[in-house]
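Dock chain one against chain two, each of which comes alone in its own frame, and use the hints as you go.
Which chain is which? The protein sequence lines are A and B, in order.
So the first sequence is residues 1 to 300, counted in this note's numbering.
So the second sequence is residues 1 to 157, counted in this note's numbering.
Please keep in mind that the hints were generated in silico from the structure rather than gathered at the bench.
Do not rely on the hints blindly, as some may be mistaken.
Distance windows between CB atoms, simulated [claimed, not checked]: (1) S210(A) - T129(B): 45 to 51 Å; (2) S232(A) - I40(B): 49 to 55 Å; (3) L32(B) - G200(A): 38 to 44 Å; (4) G65(A) - E104(B): 49 to 55 Å; (5) G29(B) - S50(A): 49 to 55 Å; (6) I40(B) - R19(A): 47 to 53 Å.
Beta carbons: idealized from backbone N, C-alpha and C, even for Gly.
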Amino acid sequence: MGTQHIISIGDFDRDEIDRLLDHAGQIDRKKFDPDALVGKILAVLFFEPSTRTRMSFESAMARLGGTSISVGSVDACSMAKGETLADTIRVVSGYADAIVIRHPKEGAARLAAEFSTVPVINAGDGAGQHPSQTLLDLYTIRQSMPIDGIDVALVGDLRYGRTAHSLASALSLYNARLHTISPNGLELPAALAAELRDKGMEIVEHEDISEVIHDVDVLYVTRIQRERFPDSASYFNVASSYRITPELLADARKHLIVLHPLPRVDEIDPRVDESPHAKYFEQSRNGVPMRMAMLLQVLQ
Amino acid sequence: MKTSEAAENEGLLVRRIKNGTVIDHIDGGEALNVVKILGITGATQEALSIATNVPSKDMGRKDIVKLTNRELSKEEVNRIALISPHATINIIRNFKVWEKKGVEIPTLIEGIVRCPNPGCISNTHEPITSKFVVTPKGLHCKYCDWVITKDLTSHII
Chain A
1 MGTQHIISIG DFDRDEIDRL LDHAGQIDRK KFDPDALVGK ILAVLFFEPS
51 TRTRMSFESA MARLGGTSIS VGSVDACSMA KGETLADTIR VVSGYADAIV
101 IRHPKEGAAR LAAEFSTVPV INAGDGAGQH PSQTLLDLYT IRQSMPIDGI
151 DVALVGDLRY GRTAHSLASA LSLYNARLHT ISPNGLELPA ALAAELRDKG
201 MEIVEHEDIS EVIHDVDVLY VTRIQRERFP DSASYFNVAS SYRITPELLA
251 DARKHLIVLH PLPRVDEIDP RVDESPHAKY FEQSRNGVPM RMAMLLQVLQ
Chain B
1 MKTSEAAENE GLLVRRIKNG TVIDHIDGGE ALNVVKILGI TGATQEALSI
51 ATNVPSKDMG RKDIVKLTNR ELSKEEVNRI ALISPHATIN IIRNFKVWEK
101 KGVEIPTLIE GIVRCPNPGC ISNTHEPITS KFVVTPKGLH CKYCDWVITK
151 DLTSHII
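Okay, chain B solo, but in the shape it has when bound (with noise of 0.2 Å):
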């Protein structure tokens, strides 16, 4: 059963939405990467709602994002992986869980890292998408084989 403020939170700050996705259990303090990993910005179109550090059971405290009238791709939920790899997925349809998922690591991602070697082919005007192989040391350039350890987050595009 919710604790009342569990329940208080998420009456207030994250309303049931009719059709779209509910990321939940996202590590606390991660919403907004996620938003940012997903390509979200204030010139998109989407109805977001986020909310951060909702108590939580199992994870002490964690995030939610909630878009309205948009269902995740598989491709965009396993970007998700990389920043917060607890994270379940929820897709909504007329206020009905319609289809639950967990998040897988990618091994590939394309075009949302940005290779931080400045002498790397992908940091120039050539007609390409930044390429990283996800290995278990961290994400691997395909270009300039530099490996990103740490910090992902400041290398989203």
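The following block holds chain A by itself, in its conformation from the complex (with noise of 0.2 Å):
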């Protein structure tokens, strides 16, 4: 067997994700070997800014024994010097036993694996893929309730946000019915609401938030980026439409749990922190058993 890489969801089958999630499950309830990976180093080589991710990959690693190494910035690196991605992975495969990668270009993760001779876990490139937040989003949901048939509903740039479209193509193989609420503009690519619709995915279009409440389990919300919008001005008006409040979540169904890949800015309301429904920090945390699950499986 080759070596074993982690860069997109749609490289998984439903099983395979039923087992890594099932792990994760196992490592939270401290069945795992702290000593697992001593000895083994994981190179971090994160290309854009990062704080859940990078750390909980870290945080992973430490707490099975193994060591991360990094190159601090970008500007740090032989990259600001014009040398290729190629190069650098090459290099870096020399150095450590695995790769985490963050990009800005979609594809990245993908040329990164053509290089390397140790696993590559990708860890977000550009608008395309970030697996392990799909993986912990899932584990997530699986906390509250069985995911089979599950209404999730997927609020705000749906456009660009990647963790939005690698959640769908997971919850696709769920038969998860889908309900998409974002701006003008911002909504899902018509090429993967098709591609998921020919998996036999029910995807509903809905102007508001509030016209789904009553009927979803899920609400996953994600960041609208000011810099999408021509002023201020009309960034502030679309994005408080797409507020989740603790007046919008009165409707809701008991069991409802709100998500958020974070960082937030206005799309929840701090006051929706303390609600039975918020399990935005939870799943943040999350990324810590879920990554370790991911370490284990290739490095091991």
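Spelled out as structure tokens, the structure:
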């Protein structure tokens, strides 16, 4: 068997995803060997800013007894001198037992996997894929309810939001129904929607969150980026109509959970944090056991 | 039997070649794209004859490309399928048809088509060639998952 990489959620079938989620669950219950990755080194190659993904990968590696190395900021590495990503990956392959990469270009992780002699894990490539986020999203949903057949509302920037794309693809394996609520111009890409519908997924578009709040099990909120709008006024106008508030959630199903890949800006009213619906910080915490399961999968 | 018009066209426009490749039954108007997808430019060495919109009994009109002193490989032949899936290839040796073959749609095409996604890693200075998996829906970029569903020829490198 060749080197195992984790590049796209689309590379997994349903059983493989379920096995990884099960494994994360065991790890969460402290059933893991804290010395499993002693002597192993993870290279953390982040060419874009990150807090949660990066720190949770490093934390996951440390909890399994391994070590992480990194170059610090992009400005401090050879890429700033014009080195190709391919060369960087060839070099770093010699220093580490696995590479976790975040890069602004779509397909960068796939390229890295071509040139690497060690496993590569994609931690986000441009507007492309972010499989570890999707896995921890699924894991968080599964902590509250079985994933099969649920109604999931995707709210916010669905055009550029890679976490929404990956999650939608994964949910198609679970016969989930998708509800989309997004500003004009930031809708789910037509090609992705067509692909999901071809897989039998039902996708319903809505104008307003209140239209659908009674009917969904998961509200997956993503950040609407200010730079997508011509001016601050139009941004605030749009952003305010996609804001999750306690008043909105008053009509929700009792078991509804609110997820957000974070960082949030104005999308979720801080008063929601105290609500039993709010699971986004738990979701963030779940990044560690989920990524521990992923590291064990590629390194053992 | 050929119509006199067709015979005249062939006689005048596309003379027999001694050695090389004749690509026949190209969809009318696609000959220049076939030449493009084969990477033939003004800077390459082939003697090239092109006939477009030749009357054809089966196709209504068709294009023909003749390449002197060059035999196309299977991979090159299959590229043509992306543009003109009915094309036929005749390898000519000493004025005779040495081999006749149809085109088959390839499963993977490398370095022929540019990914239209400006954010794709294949559009940077990395030492890679573009790679597209041929699917029923179109050409699927192996790097960024973009799918080219129409107007393929405008993306030929």
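Outcome of the hint check:
1. At about 50 Å, the CB distance of S210(A) to T129(B) agrees with the hint of 45 to 51 Å.
2. For the hinted restraint 49 to 55 Å between S232(A) and I40(B), the CB-CB distance of approximately 53 Å keeps it satisfied.
3. Here the CB-CB span from L32(B) to G200(A) is close to 41 Å, well matched to the stated 38 to 44 Å.
4. A C-beta distance of roughly 52 Å is found between G65(A) and E104(B), which places it inside the suggested range of 49 to 55 Å.
5. G29(B) and S50(A) have their C-beta atoms about 50 Å apart, which keeps the hinted 49 to 55 Å range intact.
6. Between I40(B) and R19(A) the Cβ separation comes to about 51 Å, which falls inside the hinted range of 47 to 53 Å.
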